Structure formats: C-alpha cells, structure tokens
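All chains should be built: construct the whole structure from the sequences, respecting the hints.
Residue numbers (my numbering), protein chains in the order written: chain A, 12 to 212; chain B, 81 to 292.
Calculated directly from the structure, the hints in this document are not laboratory data. Everything numeric in this text was worked out from a predicted model, so none of it was measured. You may find that some hints are simply not true.
What the hints assert, rightly or not - With a Cα cut of at most 30 Å, we get these calculated DSSO-like pairs of lysine-lysine:
no., chain 1, residue 1, chain 2, residue 2
1, A, Lys-46, B, Lys-200
2, A, Lys-46, B, Lys-213
3, A, Lys-45, B, Lys-127
4, A, Lys-178, B, Lys-95
Unchecked claim - Residues from chain B that keep clear of chain A, each with C-beta distances beyond 10 Å, as calculated:
no., residue
5, Glu-150
6, Lys-174
7, His-179
8, Lys-200
9, Lys-227
10, Ala-280
11, Lys-286
Virtual Cβ for every residue (Gly too), placed ideally from N, Cα, C.
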Amino acid sequence: MAFVNLKNKEVQVKIVYYGPGRGGKTTNLEYIYKKFNSRIKTEMITIKTQGDRTLFFDFLPLGLGKIKGHEIKIQLYTVPGQVKYNATRRLVLRGVDGVVFVADSMAVRRKHNILSLKNLQENLAAYNKSIFKIPLVMQYNKRDLASQGIPLLSVATLQKDLNSKLKAPALEASALEGKNVTETLKKIILLTVASLERELQ
Amino acid sequence: MEPIIGKTLTSEVEKRLESLFREEAEEQLEGAPDQKGKDVQPLEDLKSIVLSLEWEITDEVMGKFLSQTEELRKGCKDDKVLSTFIQMLSALGKYIRRHKGGSHPDAVKLLSATFESFEKVFKTAGTPDAERKQILDKSIKEFLKLKKAIMHKPRAKGTKREGQKDMEPGARVVISRELMEQFLNEIKVFIKTEFEEIKAELRSWKEAQERS
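And the structure:
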C-alpha cells in the first residue's frame, strides 16, 4: 500500500512499468521526462549497460503538489526486462501500488510477453499481492511499426494472450512517438489513487 | 485535521494530472509543420527507417537508410543547413552499417536525435536562419563529441594524427562541406584501422591454434 507519512504530510505512490526486455518501458519514462521536463522539475535516474539496456532500474519522481495539506508524490519505476535480472525485478516491486504492463506488439515477441506477465504474477505473489487485485494498465506498445510492414500481433490476440482474465484497461501505444504514453500514465495513477481511497476508507 | 484520503482525492489528483500534462495537445498543434510545398514523403520514409533502428540494425535496413538520405540530399542541395544535416546522418549511417551491434552505444541515439533536429528544421519553413543554424550547431557539437569518443581508442595507443587539435570548451563550431568530408574520412580511417587490428588478432589466434 502507498506510503502515507502523517508526520511529514506526504503520500508516496509507487508505480512500476513491467514487461519484456526491449518492450519500451524506459522509453515511456523518457518520453514523459523529455516532454514535461520543465514542469516535472526532477531528475530521471537511469542505469544502463553498454548496449543501452536497463541494468538496474529507471526512476522518475513526479510531484502533484499539495492536496489537503499533504504532498502527493508519484514514484515511477521500470524494471530490467531481461530474464536474468529477476532478483532486481522482484526488489523493484517491493511496495508497489500500481503496475503498467508494457507489452511488445511485435509478433516475434509474443512468447516473451506471456512469460513476462507470468513472471509479474509470481513476483507479486512473493509480496502477497495478487495480479488480479493490483491496479494494472496494459499498454500494447510499438503499434507504429505496422506502418513499416513489420508483423504485429493484433490487439485481439494481445487481449486474448494477456488480458482475457485480468480485464485491465488496455491502450495501444507508441512510446517512441509518444502516442498514449501520458494517457497510460494518467490511467494508472488514477486507478492507483482510487484503489488507495478504497483501502483507506 | 481533514483526512488526506477521502472521496475527493481521486478527482483532485485528476485535476492535477490534467494540469501537469495539459499543454501536450496544444504544443503539438503549435509545433505543426509548415511544409510550404516541400515533398515530405522521403522524410517520412526516412523517419520510419530511423524508428525501426530501435530494434533491428541490418545491412538491409542501413542500405535503405543510406539510399533514403541520398534521395533527400538531392532535394536539399541548395540548403546548406539541411545538406549538413544530411551529411551527418549519412556519416552516422555508414558508421553504424559497418559496426552494427559493435557501434558506439551512443551512435544510434545520436542518429535519432540528429534526425529529430533535421526533421524540425526541414518541416518549419520560414524559421530565421540564425535559429536553424543554432539547431545545426547543437547537432554538430554532439556529432563531434561522438567522433571524439570513437577516436579516443586509437589516440590512447599513440596514433593521434598530426595537426589534430582539441576544441576549447564552449567554442563555436563552424562547419563546412570540406570539414564534414574530413570527418567522414577520419571515421573511415578509424574503421579501417580497427579491421586491420581485428585481422591481426585473428591471424595470431589461428597461428596459436595451429601450434597447439
């Protein structure tokens, strides 16, 4: 659950972007940071390998200002998508309040999406959290590649593979072009805050 | 004290989010291209190729990239700023085609950023020359920075070229076609040297294998 510090009058909400490697998680945060840099007024922290892959995690804090005298802080994280970094993924998920699952729309990445979602379920379970209960938004990324003749999974297939049971809100997106990046973020923040309200009332 | 969590929190957060991200649509409209009759199709084609480099770098993709830059070069030959951008894109493209996965980690990123600046200048006809040159200068600085990083390895081995000077920090960059060609030649020499070193290493490895 979100960290509410009554003494410092601060509410911290942690949102994690999860998904297979090379799916566009970091690109989502980079777009937000680049586009709204002047208003966000914080630094994005990212640790990458030589090959431009996320090694540990990306972190972007967003301040929403004071509401009823409390500072609302949204902390955005990404996890490393590569299979071998599961310990880091699990660590980043500690205390998570909401998840954006960034699926790769490329047909060749179908299996990776499914495995990554399963991995998310397992890692959440390690913290006694259910993937069916946690605020979750599905983002079907890289839709722009269709215009280049690259074979993509249809939205229906992605829904069937990943979202038939979860029934989470799903958005088609292109993180590289910024399409539906902010919409995804707004959706997950609102879902998470609404969930927080329900839990604390 | 009023409780922080209440029915109004979500609606208040929603308002804040709208405010935080409010100008996105407006900015996109303000930044809408003023194409003034320019044929943007080659640019759009090049953009698609640049985007595809995010996930795949092959000879075929790089070949398309280079032929598309050539296509654009013909249409921009009378515009010095655009021509210089195309020269940089072409140089980066050739470098990435040769090195592929072994390219400097910033090379693809720089190519994307250079294309982004090129697109901006290309699409906004009527922008004052000073502003266009300012965008170009910024790209050139990044290009030179990468070039320096690529050249760093041979220099460390004592192969620094005669007459090569380090730029003073903050120095204004003045670029010409000749200078750009020189950069290209230097990159070619660097690549050739690298290949020779690799070949020599392979030869020694083979000899060692034969001996054992």
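Note to self: Run through the hints listed earlier and report the numbers of any the structure violates, in increasing order.
What the structure shows: none
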